[in-house]
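Asker: If you want the building blocks of each chain, they are given just below.
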Amino acid sequence: MDFLTQLAGGFAVVFKLVPIDILPGAGTLIIPLPVNILLCLIGTLIGTLIGVLPGVGPIATIAMLLPITYKLDPTGALIMLAGIYYGAQYGGSTTAILVNMPGEATSVVTTLDGHQMAKQGRGGRALAIAAIGSFIAGSFATLLIAALAKPLSAWALQFWQADYVSLMIMGLVFAVALARGSVLKALVMISLGLVLASVGTDVDSVDTRLTFGFVELADGIEFAALAMGAVGFAEILRNVENPEKRDVVQGKVTGLFPTAEDLRQSAGPIARGTIVGSVLGILPGNGAVLGPFASYTIEKRLAKDPSRFGHGAIEGVAGPESANNAGAQTSFIPMLTLGIPPNAVMAIMIGAMTIHGIVPGPQIIEKQPQLFWGMIASMWVGNLMLLIINLPLIGLWVRLLKVPYRLLFPAILLFCCIGVYSVANQPFDVLLTGVFGLAGYLLLKHGFEPAPMLIAFVLGKLLEENLRQAMTMSRGTWNVFYERPLSLSFLIIAAVLLILTFLPAIRKKREEAFAE
Amino acid sequence: MSNSDGNANGLVKSPQNLVGGLALLIFAGICYWAVADLRGMKGSNFGPGTVPRLYVAILAIFSLLLTLSAFTTRGPKLERMPWRAPFFIMAAVTFFGLTIRGFDLGIVKVPGLGLAISGFVTVMLAGAAMEDFRLGEGLLFALAITTFCVLLFSVALGQPIPVYPPFLR
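Chains as they are written, first to last, in the working numbering: chain A, 1 to 516; chain B, 1 to 169.
For the record, the hints were derived by calculation from the structure and aren't laboratory data.
Just so you know, not all the hints are guaranteed correct.
[Unchecked claim] Below 30 Å or equal to it, Euclidean Cα-Cα: the simulated DSSO-like pairs (lysine-lysine) are: (1) A:461 <-> A:150; (2) A:461 <-> A:445; (3) A:445 <-> B:77; (4) A:445 <-> A:402; (5) A:119 <-> A:300; (6) B:13 <-> A:445; (7) B:42 <-> A:461; (8) A:71 <-> A:16; (9) A:461 <-> A:367.
[Stated by the list, open to error] Here are the simulated distance ranges between beta carbons: (10) A:256 <-> B:165: 46 to 54 Å; (11) B:39 <-> A:143: 47 to 55 Å; (12) A:9 <-> B:39: 49 to 57 Å.
Where is the CB? At the ideal position from N, CA and C, for every residue including glycine.
Start from the sequences and build out the full structure, keeping to the hints where you can.
Answerer: Here it is, written out as structure tokens:
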């Protein structure tokens, strides 16, 4: 139980008191404040506030709020960012339940029964169960991360470059298999993401690649610009086009306390959702997105009366919401231990860590234990805060959601512009976001989902780097990829999965799963 | 499959795949042209052009497959392309990008206007994207949002974002 001791150390970091000069300059009023816990609180609060806005998911929220962490020390910044992430995630669920408009893919399932419950006047109980389920799932996932971090990091330190290459290829195949819609389109989007990743200056020579003469592209495409454009702006364009979809629950949301019956019905789904979500979240290639779908399907199969689903069954909220949060959290595992982001949110977290001078990877746990364990402990604290602070604030979120979209989206757009600009104080990035927004919107209109492209964009650079090193070390032979047992196993898994995805029977099942 | 699908008997069974596939094939072509001159493999070492050409080739292959699939697999029809929302939203974003700090377009230098003016115009332009845009309400709201952003990002968070145009500072 070594990890529990270290986790306790992490809690010490979270609760640490820092003497803060209340009146800067005067030097007279210095009060010890638990700065990290305050940052966690502020992070979860504003994360929820922005995440509640319809059509703004965690990616856009983190990108938008990233600049406010610049002045903090790395530990504080990461604690705040993690808080923003859970807040945004939770805010998305709130919107899914109250407005029937998912902020992002993982809360799609919640709209099915959650919004029905809200329409029947049980919105408060749906939100409460979502919060309780998320908290239980979050607590379990925190322990899982703490337990797995050390052994996985140690294992990852033995990886060769070739193993990393094969692991990333496996991740890309997972991203294709788990993407919504056509497999071929997902493959196209993966390759598009790879091409975009190769934009910029070559590491060995000084040749610029695919910059088309723009000096601003010499450092490559800013991830925030791509993500905010292809996901955020494209989503805004789609919502502006179909404004009638918004269906805010009228009347007051009352009855925030779930009944004993609710809790009894939800216990099983929460437990199952937590486990399913945790396992899927560790998978590379956006496994977390599958958690809520899988949990919903399981609950529907297990239910005595499956016809209740889709008409306000509390199990349909409890299970997927727990899976959602568990997956959101365990997706930190591959990011923190291998340095490989399993989804777009983790990619933006890596970007944020890099800005603060932290390189995620197997070495981080040894080199910066304070930061590592502090961040993990703060995850649990953040989840607890969400449970305590958000329920009383639901009235506020409802009022925010009643603001008409015609007023809401210009504000969202301006926040996004300021966010992208602030990442590097670069106006060019704002223009680039516009270009990606238009392209993303056109692609979305033709049935191309942006998620696989974002994963490929992030993995593309790492993939090239490791591929080149692997080839140099093997003196130009490809043997290393199938002679290393680890690399070979990753490639075999990838190949089998790719073939399975194309098999007609599986393909049909996959379509059904996503249609639900 | 719904009745919004492409014509089952016609030559093109999935118009979406055809248009999307062709567009990306053209994009791949342009990219290939751009990286064609970069040095490739030199012995066992990768050149700057090796990986980009590999990625572009993969994109071209999948785009071609997608284009061809338009003739064999049934898929959804093309969606209606509205112009109003994309036009105003792109105008808003472009305006913000060009005027927040000023931008040198080569032929003309766009002056920097700062968040106070740039943000206000951006919100107004974006608002006009929606059919039920109301001028009076929009003006008031744009004013409120811009003030809020200036207070939040510049005053409270101390972001180095220009607030006023240089000639007013």
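Asker: Looking only at beta-carbon atoms, does the pair residue 256 of chain A, residue 165 of chain B fall within the given range of 46 to 54 Å?
Answerer: Given about 49 Å between the Cβ atoms, the range holds.
Asker: Take the C-alpha atoms of residue 71 of chain A and residue 16 of chain A, compute the straight-line distance between them, and say whether it is at most 30 Å.
Answerer: 19 Å, holds
Asker: Does residue 402 of chain A lie within 30 Å of residue 445 of chain A when you go C-alpha to C-alpha?
Answerer: 27 Å, holds
Asker: Quickly compare the C-alpha distance for residue 461 of chain A and residue 150 of chain A to 30 Å and report which way the hint goes.
Answerer: 26 Å, holds
Asker: For the pair supplied as a hint, residue 119 of chain A and residue 300 of chain A, confirm whether the alpha-carbon distance does not exceed 30 Å.
Answerer: 21 Å, holds
Asker: Can you confirm whether the C-alpha distance between residue 461 of chain A and residue 445 of chain A stays at or below 30 Å?
Answerer: The given pair, whose Cα atoms are some 28 Å apart, holds under the 30 Å limit.
Asker: Is residue 13 of chain B close enough to residue 445 of chain A, meaning Cα to Cα at most 30 Å?
Answerer: 17 Å, holds
Asker: Sort out whether residue 461 of chain A lies within 30 Å of residue 42 of chain B, counting only the CA atoms.
Answerer: This hinted pair holds, its Cα atoms lying about 20 Å apart.
Asker: Tell me if the straight-line CA distance from residue 445 of chain A to residue 77 of chain B falls inside 30 Å.
Answerer: 10 Å, holds
Asker: Range hint 49 to 57 Å: satisfied by the CB atoms of residue 9 of chain A and residue 39 of chain B?
Answerer: 50 Å, holds
Asker: Holds or violated: 47 to 55 Å for the Cβ distance of residue 39 of chain B and residue 143 of chain A?
Answerer: 51 Å, holds
Asker: Quickly compare the C-alpha distance for residue 461 of chain A and residue 367 of chain A to 30 Å and report which way the hint goes.
Answerer: Status holds; Cα separation ~24 Å.
In the structure shown, no violation is registered for any of the earlier numbered hints.
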